[in-house]
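With the hints as extra help, turn the sequences into a complete structure.
Under this note's numbering, the first residue of the sequence shown is numbered 8, with each subsequent residue one higher.
If you're looking for bench data, these hints aren't it; they were derived computationally from the structure. It should be emphasised that the depicted structure is a prediction, and the values quoted were computed from it without experimental measurement. Be a bit skeptical, because a hint or two may be false.
[What the hints assert, rightly or not] BS3-like mimics (lysine-lysine), calculated; alpha carbons at most 30 Å apart, straight line:
1) K384 with K343
2) K372 with K321
3) K335 with K372
4) K238 with K275
5) K360 with K335
6) K19 with K147
7) K372 with K172
8) K384 with K400
9) K372 with K397
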Amino acid sequence: MAGVKDFGLSDKGVTRLAYTDLDFAAQAWLLEQVKDLNLTVTEDAVGNTFLRRPGIDNSLPPIAMGSHLDTVIQAGAYDGIVGVIGALEALYMLQDEELTAPVEVIIFKAEESSRFGYATMGSKLMTGSATPEQLSQGTKKNDKSFVEVLREKGYNPENYAEAIKKQGCYKCFLEIHIEQGKVLDETGEQIGIVHNIAAPTRFKIIVDGMADHSGATPMGFRKDALVAGAKLILAVQKAAEDEASKGTVSTVGVVDVEPSSINVVPGKVTLWVDLRGVDNVSIAKALDKIQYAMANVADSYKVIVSQEMLTADKPVALSDDLAYEFAKICEEMGIKYRHMNSGAGHDAMHMVKLAPTSMLFIPCKEGISHNPAEYAKLEDICVGVEVLAKMVKQIAK
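Now the structure itself:
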C-alpha cells in the first residue's frame with residue numbers, strides 16, 4: 008500500500024482523483040508489481056480493469072474480488088486500496104492451490120464522488136445502473152464533465168454499453184474494506200461481516216434570492232440566499248437527527264455561493280446534500296422533512312427554493328449465505344467478528360445485480376476515514392486477507 012500511496016501524496020494527505028494521470032499511474036505501477044502472478048489483464052469500455060487467474064475449468068463463472076484506487080481530496084492510504092491489494096494478496100496466498108474456477112480481481116474506476124459528484128461510477132456503468140450522460144449531471148461549475156474526461160482519456164462514451172455485464176457472469180463478488188466507522192475499533196473485533204449497505208440519496212437545493220449592495224440594502228429589504236441556505240442546512244441536520252434511531256444520516260458537504268463577494272448580499276446558493284441510510288421508510292421521512300423546510304424557508308425569506316435530484320440509490324441487502332460462510336471461517340480461525348451494516352456506499356452494492364455479493368470490514372483507527380489520519384493495522388489487514396483467501400479457495404475448489 009505504501010507504493011500506491013505515493014501517487015498523490017503530499018503533506019495534506021493523498022489526493023488521487025478518478026481518471027487523473029495519478030490514478031492511471033498508480034494502477035500501472037501496481038500492475039507492474041504483480042506481474043509474477045501471470046494474470047490476464049483486460050479493460051472495459053469505461054476503464055474498469057480486470058485481472059484474471061485461470062482455473063482448471065475456465066467455462067465456469069469466476070469468483071470476483073476487488074475495490075478501487077481513486078481517493079477523495081486529502082484522503083488517507085487505506086480506503087479502497089485495501090480491497091484491491093488485499094484481493095491480489097489473496098491470489099498470492101492461493102498461488103500453489105489448484106482452483107477449479109477462475110478468479111478475477113476488479114479495479115473499479117471512480118468509486119469516490121469527489122471529482123464528478125457521483126460515487127461508484129465504474130460499478131454503476133458495469134451493471135447498467137447509469138449512463139455516462141447521467142453521470143455528467145453532477146459536474147461542478149468550471150469542471151470538465153465525465154463524458155468530456157472519458158473522451159480526453161481515449162474512451163468513447165457512446166460505447167459504454169460494451170462495459171455492461173450480464174447477471175450470472177460471476178459466481179460471486181467479495182470485497183474487503185476498512186470499516187470507515189468506529190464499531191470494530193471500539194469492540195476489538197477484527198472482522199465485520201456486512202449484511203446491508205446504506206445508499207445515498209444525493210441532491211442539490213438551489214436558493215435564488217437577490218444580489219444587492221451589502222451596505223445600501225436595509226436588512227428588511229433583503230432576499231439573502233445564504234441566510235435562507237443556512238436555515239436549510241440546519242433543516243437537513245434536524246431531519247436526519249429525527250431519524251437517527253434508524254441509522255439515517257445527512258450531510259451538506261458543499262455550499263456554492265454566488266457572487267461570493269464580501270460587499271454583495273448573496274443572490275444564489277447551492278447546497279449539495281447527501282442523505283443516506285439502510286431503511287427506505289426512514290430515508291423517505293427525512294426527505295419529506297427537508298422538502299417541507301424548503302417550502303417554509305422560501306415563504307419566510309421571500310426566496311425561490313428548488314431541488315435537483317442527482318441520485319436516489321436504494322439500500323442494498325447482501326448475500327446472507329456468503330455472510331454465514333464468512334462467519335464459519337472466522338470461527339474456525341478463532342477470529343472475533345460481528346455481523347453489521349455499512350453506512351458508506353461501496354461498489355459491492357451494485358455488484359449484487361450480477362452475482363451473490365458479500366463484504367468484509369476490518370477496523371480502522373478511531374473510525375477515521377476520508378482523512379489523512381486514516382489508518383488500519385497491518386495485522387488486521389492480514390487477518391482480513393486470510394479470511395478472504397479461505398473463502399475464495401472454498402468456493403473455487
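Hint by hint, here is what the structure shows:
Taking the CA atoms of K384 and K343, the gap is about 15 Å. The hint holds against a cut of 30 Å. Taken as a hint, the K372 and K321 pair is honoured in the structure, with Cα atoms around 29 Å apart against an allowance of 30 Å. Of the pairs offered as hints, the one joining K335 and K372 holds, with about 26 Å between alpha carbons and a cut-off of 30 Å not exceeded. At most 30 Å may separate the alpha-carbon atoms for a hinted pair to count; K238 and K275 meet this at roughly 14 Å.
A threshold of 30 Å between alpha carbons decides the hint, and for K360 with K335 the separation of about 25 Å falls inside it, so the pair holds. About 23 Å separates the Cα atoms of K19 and K147, which keeps this hinted pair within 30 Å; it holds. Of the supplied pair hints, the one linking K372 and K172 is violated, its CA atoms being roughly 36 Å apart against a limit of 30 Å. For a cut-off of 30 Å, the pair hint linking K384 to K400 stands: about 25 Å separates their Cα positions.
A C-alpha spacing of about 25 Å is found between K372 and K397, which places the hinted pair at or below 30 Å, so the restraint holds.
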